[in-house]
Amino acid sequence: MRFLTLMEKLRVPLMIFPAVALICVLFFGGLTVGLGQSLGYFPAIGSYNLTFQYYSDVLTDSTFFESLWLTFRLALLSTVSSSVLAIGIAMVLRQSFKGSRFFTFMFQLSIPIPHLVAAAGIVLLVSQSGLTARIAYALGLINVPRDFPVMVFDRPGIAIQLTYLWKEVPFIGVVVLAVLQGVGPQYEEIARTLGANAWQRFRYVLLPLIMPGVLSTSIIVFAYVFSSYEIPLLLGVRYPTTLPVLAFKNYQDPDLSLRPQAMAMSIILTVIAVLLLVIYKRLAKYAVNS
Amino acid sequence: MQKIIRWIVLISLVVVALAPILPQFVWSFSHRWLFPSLLPSEWSLEPWEYAFSTSSRVGEAFISSMAIGIVVSLLSIIVGLPASRALALYDFRGKSVIEWLLMVPIIVPGIVATMGIHQVFIRLRLTDTFIGVCLVHLIPCIPYMVLVMSSVFANYGTDLEDTARTLGAGPVSVFRYVTLPGILPGLLVSTMFTFLISWGQYITTVLIGGGSIITLPMVLFPFIAGTNYSNAASISLIFVAPAILVLIFTSRQLGRESAVMGGFGKL
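In order, the protein sequences belong to chains G and R. In this text, residue positions in the first sequence follow my numbering: the first is 33, and each later residue adds one. In this text, residue positions in the second sequence follow my numbering: the first is -11, and each later residue adds one.
Note that these hints are calculated values from the structure, not bench results. A couple of the hints might just be wrong.
What the hints assert, rightly or not - Covered stretches of chain G, going by a simulated chain R footprint (3 or more residues, C-beta under 8 Å):
hint, region
1, 45 to 57
2, 60 to 66
3, 149 to 160
4, 205 to 215
5, 271 to 283
Note that the Cβ used here is the ideal one computed from N, Cα and C, for glycine as well.
Looking at chain R on its own, in the form it has when it is part of the complex (with noise of 0.2 Å):
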């Protein structure tokens, strides 16, 4: 009985998954789909070569998408690694401050904040610009770097880092050799976190970016809006790839038992 339940679980739980992508890969190769054919009428290779043409700008929204993904996930790294150690090992007065401060863009909209600083970036010129785009995408970012990575050091013991230091290792190396093999599973889903937080980003970009920043979901919304599905699935796919990708690489320490996912339990 129980193996039965177990087996429908599964079964739904792998078709529910494939059902909202799989169809689009047929979308995009369909010319003429209409209700009630299960299978295009008429197909066609259209939908891609309008996505890979220059007029579509899926070539130059994927690359400044993935120049700010990645811009975003280093800064990210750079400022919200310390930040976690810090939360994670040091006591010190104020941390509580200083936890909710970091944590709060997580919990509270983004939506004032976001009107806000497109107000700031106007008077600072820095509306329309990639560097303002990629700010604006630090404020979800940081925090869920630093949600995660504060658990990962917490579960993390210094003393490995303390003998290499005995044994004569600088900072350098002990950052390289001690530190950062201890860290890397969890910096890895961390950086996926925030690298698919960026890619994501619909409205703080439209909004920041004034339409002289092209990413990948401003040109895919307009296809959707307007029930364009064959272009939709073929742009849709071209957006899902590098995510699907990054997850082959982070599945297991997602799956696995760690402090890594166990971070977000810990807002």
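This is chain G alone, in the form it adopts within the complex (with noise of 0.2 Å):
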């Protein structure tokens, strides 16, 4: 009967210690053991002195700030225009019409695709030789590629925006869905007796049930184009480059002195990532309550 008891008390933590113990020994380990490096704690080197020399090293550079920069337009832009392109396609997909199976697996296509193969369609779609500048040229609007707008390897950086806008519109998107299934009707038809028109139904009506499912997964968009490595390192320009391709580059320098920096790097990238994201909670919030 004690065995019993004791077994009942024991069984949530049997149940959650696995999956705890990894992430804390994987991620939060990680994470300790980079915070260290940053603050000059580094036994390989024979650096043991704590110091916020390589922080400063870091701050006082203007290629982190730029790169700093490109990383949050590139995640902002990114999240506010798959956001608004999923809703769009969902208002859509959600009505009921012929066909409407064969569109959703369409629309759900890119979902499964890895980001390396995207960035590669991404590339023969809309560079300067790629299929979109033959379709133009013919169409007779332009003679050479050089015609043709630059949208890889540019400062901008759209073919990364396209490439992130393909693969994360449906991911949003399949989730705006769901919810927007379990909705029904009935709503709406409320809101349509009592003389709203389609704008306010959507405003009003849809929008307030959709919100949290389109809150939570553009955090997900907007903290994956934060910390991405292998799309702006393979479509954007070398210089300024995304913080994470500048982290990683540092951290492997054959020079080890210059790693303690990398960490530095990356711990700011992950403390504005966390303040953007409160921020951006507390605001949606706000938002939906007004």
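Hints in hand, dock the two standalone chains.
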């Protein structure tokens, strides 16, 4: 009997322990080591003294701020445009019509496709000698590849944005669709009988219902783009590049003394990401409530 | 009017969905395809012959990507399933802290943790090993598994389990005949997500695998960077094939009104 109550008490801890332990060791352990190294605790090169030197090195470097701004701009633009497009498409796909299963499948198509493959596809499509440029030539719009707007290896990072849009719109959209399909028509019908027009029905009935889903998926997308490495490396300009690319470059440099700087950079990136998300959640709560 | 808008949206949706993928089929069979021709001037099977040759290491990379993906998914299920059930069905002290702990890796950029864990793995001799790569892939995978499955468990009543238990079913048969069928659609989708997260990892594998563990993204990357698009296309398509297969199996669950995708809305 006593054994049974003990088992009852231990049940929840036993269920959560493996997951929590793995995340604590791998994620928070890694974070702690990184934090230590950013503060100068780096036994491998015989450095034990804690210092803010590496942070001040990073924070006085204009390269860092250019990269930070680029990273932020890419993440913000990708997130906002993906969310808006996703809501729009979900509103169309939620209606029942002939072939809606086929179109929903096409909409989901890019979700499982790896980002690298998406990047390759986007380059083939929008580079100056890509398929779009060739179609433009065939239509007589351009004469040489040079005439076609630069979208790859460009400072605004259009190809990078397009890659993220192509990948993330369906991700947010599928979540919105799942919520919308659970809503059913009754709310809207009540609003309609009360005289609400289409825009009002969307703004005051549907939007508040889908907003929580849009908020959390947009947080996932923002965080993902904020820490992305291979897409900006492949499709962006060498300088300025995004913070993760810059940090990994320093980290993998044969000169080990650059590692603490790389760690300091990514710790700052992490702190900024967390701050932005806290602000975003606050703002979102405020916007939903008012 | 509304119908016209709908069809414009739907047709552009199909075009946009296929535009980055279909041209890669043509590229994978092209030998010369210069601007401004709309189709290759010389066709060739070379990109495919290259992809299937041993020197390209595509086959080897495919096998290790697949093995890592399967091990990571299984481990995510083993540790994630009990945790999500506990979070969804029990109230306990410190629950919000645990929830927060398990969700943080989704929100916080993993770059510091990855570089930090690299240092630890060097000391533990886990770099350049299969298990080291699997462990680092678990960092983003476990949180997604828990996020989706706790939403699935929250929507799942335990009454049926209680009934089965009253009728004398042991824990194994309760799980096998009651719990598992109940959560299976959600489990399929969350397993698909974890597998695909692992399948697409690039920089974590490069860092921890150190070149000893070669996965498909690592084989593909230099061809895109080196603008060798014919070879990039054939490898891309090999890389995409399992992902599309997985989608075909789970598409209905993704599209359905359900707690599964709604899970992502509960972060």
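Hint-by-hint comparison with the structure:
no., hint, verdict
1, 45 to 57, "holds (count 9)"
2, 60 to 66, "holds (count 7)"
3, 149 to 160, "holds (count 9)"
4, 205 to 215, "holds (count 7)"
5, 271 to 283, "holds (count 4)"
Checked against the numbered hints above, the structure breaks none of them.
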